[in-house]
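Position one of the sequence shown corresponds to residue 1 (the numbering used here), numbered consecutively onward.
Note that these hints are calculated values from the structure, not bench results.
Keep in mind it's a predicted model, so treat the numbers as computed, not measured.
Ideal Cβ positions, reconstructed from N, Cα and C, are used throughout, including at glycine.
Please note: incorrect hints may appear among the correct ones.
[Said to hold, decoys possible] Each pair of labels, with its calculated beta carbon distance range:
(1) 102 <-> 55: 12 to 22 angstroms
(2) 98 <-> 77: 17 to 27 angstroms
(3) 53 <-> 30: 11 to 21 angstroms
(4) 80 <-> 48: 32 to 42 angstroms
(5) 92 <-> 27: 31 to 41 angstroms
(6) 106 <-> 46: 22 to 32 angstroms
(7) 39 <-> 103: 18 to 28 angstroms
(8) 102 <-> 68: 16 to 26 angstroms
(9) 35 <-> 104: 11 to 21 angstroms
(10) 90 <-> 27: 34 to 44 angstroms
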Amino acid sequence: MKSLKVIAALAAMVVSSATLAEGGADRVYGRMIQANEQAMQEYAAANGKNPPEVIHYRYGMKLDIARVVATTSTDSSCNVMPAQMTYEDSNGDLNILEYRAAGTGCRNQN
Numbered sequence: 001m002k003s004l005k006v007i008a009a010l011a012a013m014v015v016s017s018a019t020l021a022e023g024g025a026d027r028v029y030g031r032m033i034q035a036n037e038q039a040m041q042e043y044a045a046a047n048g049k050n051p052p053e054v055i056h057y058r059y060g061m062k063l064d065i066a067r068v069v070a071t072t073s074t075d076s077s078c079n080v081m082p083a084q085m086t087y088e089d090s091n092g093d094l095n096i097l098e099y100r101a102a103g104t105g106c107r108n109q110n
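Put together the whole structure using the sequences plus the hints.
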């Protein structure tokens, strides 16, 4: 009975440490997304355009992309992370498309 309590306590510590590690990456990605949105608002103001609207990608949605202005980088891990692409549509309006992307460090992994 005592060994079950020890195993349960160890399992709880492992799960909580994994959760904390995950939260660290989320904060980094959140700061990256906020920095990109701020930079694109400044870009819009400098070029006389309306501030960009953030659009969350849904599978199959129709996109009107005339010119890509900027994209956020993905890190060298093999994790799935949020990413953004800022683009001008055929009317010249700025939009930010937010989507999920895999990292670039997925060599020899299935």
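For each hint, the structure was consulted:
1. At roughly 20 angstroms, the beta-carbon separation of residue 102 and residue 55 lies within the given 12 to 22 angstroms, and the hint holds.
2. Between residue 98 and residue 77 the Cβ separation comes to about 19 angstroms, which falls inside the hinted range of 17 to 27 angstroms.
3. A hinted range of 11 to 21 angstroms for the beta carbons of residue 53 and residue 30 is consistent with their spacing of about 19 angstroms.
4. In this structure the hint that residue 80 and residue 48 lie 32 to 42 angstroms apart at CB holds, the actual value being about 36 angstroms.
5. The hint said 31 to 41 angstroms for the Cβ distance between residue 92 and residue 27, and at roughly 35 angstroms that hint holds.
6. Evaluation of the 22 to 32 angstroms hint for residue 106 and residue 46 yields a failure: the beta carbon distance comes to about 36 angstroms.
7. Residue 39 and residue 103 have their C-beta atoms about 22 angstroms apart, which keeps the hinted 18 to 28 angstroms range intact.
8. Remark: the range hint 16 to 26 angstroms for residue 102 to residue 68 is upheld by a beta-carbon distance near 19 angstroms.
9. One distance hint, 11 to 21 angstroms for the beta-carbon pair residue 35 and residue 104, holds here, with the actual separation near 19 angstroms.
10. A hinted range of 34 to 44 angstroms for the beta carbons of residue 90 and residue 27 is consistent with their spacing of about 36 angstroms.
In terms of the numbered hints stated before, the structure departs from hint 6 and from no other.
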